[in-house]
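As they're listed, the protein sequences go chains A and B. Here the first sequence stands for residues 563 to 693, where the numbers follow our numbering. Here the second sequence stands for residues 563 to 693, where the numbers follow our numbering.
These aren't lab readings, by the way, just hints derived from the structure by calculation. Keep in mind that a hint or two might mislead.
[Stated by the list, open to error] Computed Cβ-Cβ distance ranges for the label pairs, DEER-style:
#1 B/576 with A/677: 45 to 53 Å
#2 B/583 with A/583: 34 to 42 Å
#3 A/614 with B/584: 18 to 26 Å
#4 B/614 with A/585: 25 to 33 Å
#5 B/636 with A/629: 32 to 40 Å
#6 B/567 with A/575: 46 to 54 Å
#7 B/639 with A/676: 42 to 50 Å
#8 B/567 with A/652: 33 to 41 Å
#9 A/648 with B/684: 24 to 32 Å
For every residue, glycine included, the Cβ atom is placed at its ideal position computed from N, Cα and C.
Number of protein chains: 2
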Amino acid sequence: MTESIFTKIIRKQIPCHLLYEDDLVIAFLDINPVRLGHSLIVPKIQVDYFVDVPVNYYQAAFSLAQKLAPAIQKALGTTRIGLSVVGTEVPHFHLHLIPIEQDRIEGIRTFGNAAVLARQAELIRSVLNQA
Amino acid sequence: MTESIFTKIIRKQIPCHLLYEDDLVIAFLDINPVRLGHSLIVPKIQVDYFVDVPVNYYQAAFSLAQKLAPAIQKALGTTRIGLSVVGTEVPHFHLHLIPIEQDRIEGIRTFGNAAVLARQAELIRSVLNQA
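So here's chain A without its partners, still in its complex pose (with noise of 0.2 Å):
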């Protein structure tokens, strides 16, 4: 099997702007946000399909989400996070969260400006850390 771009992420191969891991998930910031805050949740383990994941890193990765949005939403003043497992775009099941709402930060443009990614990741980690 190809490793995925979260795999090689994982693998501390490809850098990532890291908000929180733990043995079985990781969750980073979208390189391409969609949102201010758009961030990823990542079982540490290559499956493509949901209904393959097994059930530990399944559930550790919508138990993060519920954790992870509230923090996104203090550490940079967005509102309502949407969660999403649409994507088929990176064969490695993983969960959006997308603030959904308006967001009271301005910032469009420079939303995958790394600088910015960084400072927004270093934000959502402290009110993590702090819960």
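Using the hints provided, position chain B relative to the given structure of chain A.
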């Protein structure tokens, strides 16, 4: 709190094309399907935002998704199912299960037809009950 349409379905005040139910969750066909087999999984507690759903209801909903998706595929001849929680149209947390690849059964025009929905629900239930 106003009762959501889903709470009315759960209380049997409004009929549905039932796929599955237990103490925590209910699943039924979407009455306005965007694809053949478009289904909803709803926890039996009226909570708007996924972050706030009690963990047992929340995990039961995602756990059911792993069982229901293969049943829809087998029953209706659809292929991969997408999972989505984007909706804010009903203020009652729910998962959409939507076939995302080409259907092998034709019938776009009749997706919302009550008799067609009833037959689909029957097929999916029969597969679920075999499992």
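| message | Tell me the numbers of any earlier hints that the structure contravenes, in ascending order. | response | Structure breaks no hint.
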